[in-house]
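So you can see what is in the structure, the chains are spelled out below.
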Amino acid sequence: GEDVEQSLFLSVREGDSSVINCTYTDSSSTYLYWYKQEPGAGLQLLTYIFSNMDMKQDQRLTVLLNKKDKHLSLRIADTQTGDSAIYFCAESINGGSQGNLIFGKGTKLSVKP
Amino acid sequence: GAGVSQSPSNKVTEKGKDVELRCDPISGHTALYWYRQSLGQGLEFLIYFQGNSAPDKSGLPSDRFSAERTGGSVSTLTIQRTQQEDSAVYLCASSLERTLPFYEQYFGPGTRLTVT
Chain C
3 GEDVEQSLFL SVREGDSSVI NCTYTDSSST YLYWYKQEPG AGLQLLTYIF
53 SNMDMKQDQR LTVLLNKKDK HLSLRIADTQ TGDSAIYFCA ESINGGSQGN
103 LIFGKGTKLS VKP
Chain D
34 GAGVSQSPSN KVTEKGKDVE LRCDPISGHT ALYWYRQSLG QGLEFLIYFQ
84 GNSAPDKSGL PSDRFSAERT GGSVSTLTIQ RTQQEDSAVY LCASSLERTL
134 PFYEQYFGPG TRLTVT
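Protein chains in written order, with this note's numbering: chain C, 3 to 115; chain D, 34 to 149.
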């Protein structure tokens with residue numbers, strides 16, 4: 003079945019770059035997503051990438067997609083304490099026609115001053 | 034409304050009781066989803082409603098779980114005879130049927146359910 007894997011914890015120092023990695027299994031996924039969950043808050047879409055793209059950059063965020071290896075990464079440049087949160091990787095199965103997203107367990111990013 | 038709202042925000046119930054969780058999606062969104070976030074389990078898809086189509090119930094963990102969506106808007110997730118393993122944060126999300134060029138789900142703040 004579909005599965006999304008990501009490491010559970012990442013700790014970085016303020017100002018450094020953070021790289022959060024994710025692997026997925028459904029090769030038919032149309033879109034892959036990164037969601038952010040801050041303490042006590044709901045999930046918020048951070049960025050997404052279409053499966054025919056290799057890279058997408060959005061200000062401090064860079065998403066890299068290796069479709070051959072089914073590997074997705076999120077790089078946060080100049081990480082700030084406000085970036086501390088749980089980051090979820092997600093894939094949409096069946097090209098989104100069924101609607102549900104398959105999420106990883108989330109990577110908790112801790113940013114030390 | 035401004036976003037997806039859920040009620041109650043917190044619910045404590047005794048094992049064996051039934052509970053109802055409510056979700057108000059963003060006005061105009063035809064798709065509505067329920068997810069469950071448990072410690073150590075991440076986010077788990079439960080059920081999906083799309084317009085007037087039959088819901089996709091493939092994620093419901095047991096027949097104690099059910100959901101309905103009245104009038105294509107508000108949804109209620111019902112858990113009968115609650116068990117301690119049902120303790121989790123239940124998240125609702127909504128989206129337009131298909132938002133081009135990508136498919137975004139907007140999440141509510143969740144209902145934290147604790148079964149004692």
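Treat each hint with caution, since some may be false.
Pairs of lysine-lysine, DSSO-like flavour, derived with a Cα cap of 27 Å [stated by the list, open to error]:
no.	chain 1	residue 1	chain 2	residue 2
1	C	38	C	58
2	C	58	C	110
3	C	114	C	69
4	C	114	C	70
5	D	90	D	50
6	C	58	C	72
7	D	48	D	90
8	C	107	D	90
9	C	69	C	110
10	D	90	D	44
11	C	38	D	90
12	C	72	C	114
13	D	44	C	110
14	D	44	C	38
15	C	72	D	50
Hints in this document: simulated from the structure, not taken from any laboratory.
Satisfaction of hint between residue 90(D) and residue 107(C), Cα-Cα up to 27 Å: Measuring from Cα to Cα gives roughly 21 Å; hence the hint holds.
Keeping to a limit of 27 Å between CA atoms, is the pair of residue 114(C) and residue 70(C) held or broken? This hinted pair is violated, its Cα atoms lying about 34 Å apart.
Could you grab the alpha-carbon distance between residue 44(D) and residue 38(C) and see if it respects the 27 Å cut-off? Holds, at about 24 Å.
Hint check: residue 90(D) vs residue 50(D), CA-CA at most 27 Å. Holds or violated? holds, 22 Å
Is residue 114(C) within 27 Å of residue 69(C), Cα to Cα? Not OK: residue 114(C) and residue 69(C) at ~33 Å, beyond 27 Å, violated.
Against the 27 Å threshold, does the CA-CA distance of residue 48(D) and residue 90(D) hold or violate the hint? holds, 24 Å
Going straight from one Cα to the other, do residue 72(C) and residue 50(D) come out at no more than 27 Å? violated, 43 Å
Does residue 72(C) pair with residue 114(C) here, judged by a C-alpha cut-off of 27 Å? violated, 31 Å
Would you mind confirming whether the straight-line C-alpha gap from residue 58(C) to residue 110(C) stays at or under 27 Å? Holds, because 22 Å separates the two Cα atoms, which is no more than 27 Å.
Would you mind confirming whether the straight-line C-alpha gap from residue 69(C) to residue 110(C) stays at or under 27 Å? holds, 24 Å
Please work out if residue 44(D) and residue 110(C) have their alpha carbons no farther apart than 27 Å. holds, 26 Å
Pair hint residue 38(C) and residue 58(C), alpha-carbon separation not exceeding 27 Å: holds, 17 Å
Comparing the model with each earlier hint shows violations of hints 3, 4, 12, 15; every other hint is respected.
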